[in-house]
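Produce the entire structure from the sequences given, and follow the hints as far as they go.
The primary structure of each chain is shown beneath.
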Amino acid sequence: MDYVFLIAGSLMIITCFYFIISPFFSASEEQPAGKAETDERLTLEQVYSAVNELEMDFLMKKITHEDFEKLKEQYQLLAAELLKEETKHKKLKHPHAAVGKTKKAADEAEAEILRELKKLRNQKG
Amino acid sequence: MYLIGNIAIYLGVVISLYGIIANIIGMKRKSSKWLESGRGAVLSLAFISSIASFMLLYILGTSQFQYKYVASYTNESLPMVYKLTAFWAGNAGSLLLWAFLLALYAAMVVFSKEKKNPMMPYVSSILMVNILFFFTVMALNANPFEMTDRIPADGKGLNPMLQNPGMILHPVTLYMGYVGLAVPFAFGIAALILKKMDSEWIKLTRRWTLLAWLFLTLGNVIGGWWAYLELGWGGYWAWDPVENASFLPWLTVSAFLHSVMIQERKNMLKTWNVSLIILSYILTLFGTFLVRSGILTSVHAFGDSNLGTYFLVFMAFMMLFSLYIVMTRYGLIKKDSSPIEAYFSKESSFLLNNLILVAAAFAVFWGTMYPLISETFTGTKVNVGAPYFNKVMAPILLALIVLMGICPLIAWQKAVFEKFMKNTLWPLAMGVVTAIILFAAGIDGIYAVVGLSATSFMLGTHLLEFARGISARRKATKENVLKAAFKLTMKNQRRYGGYIVHIGIALIAVGVIASHSYSTEVLKTVVAGNSITIGEYSLKFNELTEHTKNGNGIVVADIDVTYKGKDIGKIKPEKIFYETWPEPSTEVAIKTNWSQDLYVVLSSWETKDKVTFMVKVNPFVSWIWAGGIIMVIGTAFALAGGRPTSFRFQKNKGTAQTGR
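If you're matching them up, the sequences are chains A and B in order. For the first sequence, position 68 matches number 68 in this note's numbering, and the numbering has no gaps at all. Convert by adding 125 to the 1-based position in the second sequence; the result is the number in this note's numbering.
Take the hints with a grain of salt, since some may be wrong.
[What the hints assert, rightly or not] Derived lysine to aspartate or glutamate pairs resembling DMTMM-like cross-links, with alpha carbons at most 20 Å apart:
| id | chain 1 | residue 1 | chain 2 | residue 2 |
| --- | --- | --- | --- | --- |
| 1 | B | Lys-547 | A | Asp-67 |
| 2 | B | Lys-544 | A | Glu-66 |
| 3 | B | Lys-600 | A | Glu-55 |
| 4 | B | Lys-608 | A | Glu-55 |
| 5 | B | Lys-600 | A | Glu-53 |
| 6 | B | Lys-695 | B | Glu-668 |
[What the hints assert, rightly or not] Using C-beta positions, here's what the derived DEER-type ranges look like:
| id | chain 1 | residue 1 | chain 2 | residue 2 | range |
| --- | --- | --- | --- | --- | --- |
| 7 | B | Met-615 | A | Ile-7 | 50 to 56 Å |
| 8 | A | Glu-45 | B | Lys-459 | 27 to 33 Å |
| 9 | A | Thr-15 | B | Leu-480 | 46 to 52 Å |
| 10 | A | Glu-81 | B | Phe-442 | 48 to 54 Å |
[As the list claims (entries may be wrong)] Simulated coverage check for chain B against chain A, where a stretch passes if three residues somewhere in it have a Cβ under 8 Å from a Cβ of chain A:
| id | segment |
| --- | --- |
| 11 | 168 to 175 |
| 12 | 528 to 541 |
| 13 | 584 to 597 |
These are calculated hints, taken from the structure and not from any lab test. Yeah, the Cβ is synthetic: ideal placement off N, Cα and C, and Gly gets one too.
Dropping the structure here:
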């Protein structure tokens, strides 16, 4: 019986040893991620979500109509800016397809927000 | 078995030490191979701690009394479930359980989808420092696989107080909560070391913190339930030092869970948040120190001064290390943090809530430690009992309940005082109506009435929040009530999960206030055939019988109970005389309905026809357990969903910071 425990104990040590040394025998040395900064840029989804919550606050009578309109306008402007940026990126990638889109960005923002709000309300979670 | 168990313990020390070194080398040389090897060390630790835990369960289950731990906490006749749960009955087993959970959590963290995150080697190293500590203490002082000099014929058996279903779950849930807090602590420190002042660490550990808080809640509620059933004094919370030790981190983590929302949304309170998580983690070590050291008298303490010293040294080390990291990064945190913009705002109400929770933690800490402090300075140990805690904590918890009723009514964006006052009207009316009804019903005790009215106000706020939310959604989407309610809660699980938790707290508050203020008690000696009357209950004592079960002598009193003149059956309080334990244990008999508990204890007897009973009627105690269950459901609901909070406009920062 002692032999069984001896073998089991040795297997335990070998397994741990394997977990620890196996990376040194892997093919290539991957560069660790380093001190990469996290992406703290604002996304359109976040703006839509903020507008959604703002609208809920207004409908729940927690903020005044004036504040609601003012904040909503600010969010719309922000969304327009983000849409513009997005279009610029697309234009750089596909110059022909993006022609004319930039000037429409501001007009599209409000329609886009409304669409996204509807989507947000209907989605789960 | 002895060999495998000991190999696991010593290997634990070596591997955790290696893992820390591998991570340090990996970070210095920027070598993924070394970092990968460090990850392998974590996996090995999870592997060996699982084997050691399985071995301990096996030797406990098969009653191998050649092991000191098995002989000290079990005996042949102990039911299998208690043989297995003796795992955490003593110091050595508890330390192994802690190391096992910590290694498992560490493996889950380092092999998560964030495994390439630059913070991970630091997080892994901090967790391994903890694991190293536990394995070292086991190797040096409390080895669960230590052998006896002579194999005893039978073990000493398990403390009868621990032979209760509550004790199967209470320690494990508390440990899971304690251990869980090591994860956000490690991330917080890692973020500071890397000078990452954003909210990433908070977002990555939100679920870990919530999970730890859920287990702490569960552990505290089950602990109260166990005390109520097993200790036989009629209460559920005695402000015992060890109870306080598990309540302290619960208070600080509750504060943390609220204040992180401010950092996520408004980029504020960064120093506060990191300090809170450090404090919570240190308090988990402090709690364990209290349990292990035996420096304070408690029904829960294991009492081993040696282990206490280990914990004290480790706690001091971790505290100094954390303080050093925070102090050296303080300037950076301050520079990157936004100040509070308005006195009347969501963030200031959350800050106030935090201050109250921390004040509560301080009051509990002071009362718990006062006997030691007084002994150090005056030479006499002044014991601080329940009256101090009740007196100090009652106004603090009342303020907290009132604030819980106010906070949800304040908007995140552009809070307007007039709107808030308008929204407060209905909940306030609910509180006032409650007070009038209570006075009209002849309920006395001004403090209790104020407490119950404040709770009603708080409950009213939350019900109104649900109602207004549903109505707002219906206005926007034209959905029916049920669909709107479902979608509303599912779309913001974090907020509504929190509201469910608050509703659970309201139920607990009703239970605590009512049972403290309106409990009645009778201690009476009766002869067979005579009755005891208490409130609307009448108890007729029939006989005292004796039988044996699993080698233990059991004395049972047979009592017929009537409520409002109606027969509601029998009640049978017991005293159990354990074969292996010097003192008998009291088995309380309880009859519960929605509003009160009839609580009967068989105190003593002169003959089998002349018996003394302690009978209590405790109002609304079942609400405490129901509230605890609702709190757990609410937390699980918030845990299951809950996307990160969205950013908000800031006057001083524009929109640069986001809450993603």
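To see whether the hints hold, each was checked on the structure:
{"no.": "1", "hint": "B:Lys-547 to A:Asp-67", "verdict": "17 Å, holds"}
{"no.": "2", "hint": "B:Lys-544 to A:Glu-66", "verdict": "13 Å, holds"}
{"no.": "3", "hint": "B:Lys-600 to A:Glu-55", "verdict": "11 Å, holds"}
{"no.": "4", "hint": "B:Lys-608 to A:Glu-55", "verdict": "19 Å, holds"}
{"no.": "5", "hint": "B:Lys-600 to A:Glu-53", "verdict": "14 Å, holds"}
{"no.": "6", "hint": "B:Lys-695 to B:Glu-668", "verdict": "12 Å, holds"}
{"no.": "7", "hint": "B:Met-615 to A:Ile-7: 50 to 56 Å", "verdict": "54 Å, holds"}
{"no.": "8", "hint": "A:Glu-45 to B:Lys-459: 27 to 33 Å", "verdict": "31 Å, holds"}
{"no.": "9", "hint": "A:Thr-15 to B:Leu-480: 46 to 52 Å", "verdict": "51 Å, holds"}
{"no.": "10", "hint": "A:Glu-81 to B:Phe-442: 48 to 54 Å", "verdict": "50 Å, holds"}
{"no.": "11", "hint": "168 to 175", "verdict": "holds (count 4)"}
{"no.": "12", "hint": "528 to 541", "verdict": "holds (count 8)"}
{"no.": "13", "hint": "584 to 597", "verdict": "holds (count 5)"}
No hint from the list above goes unmet by this structure.
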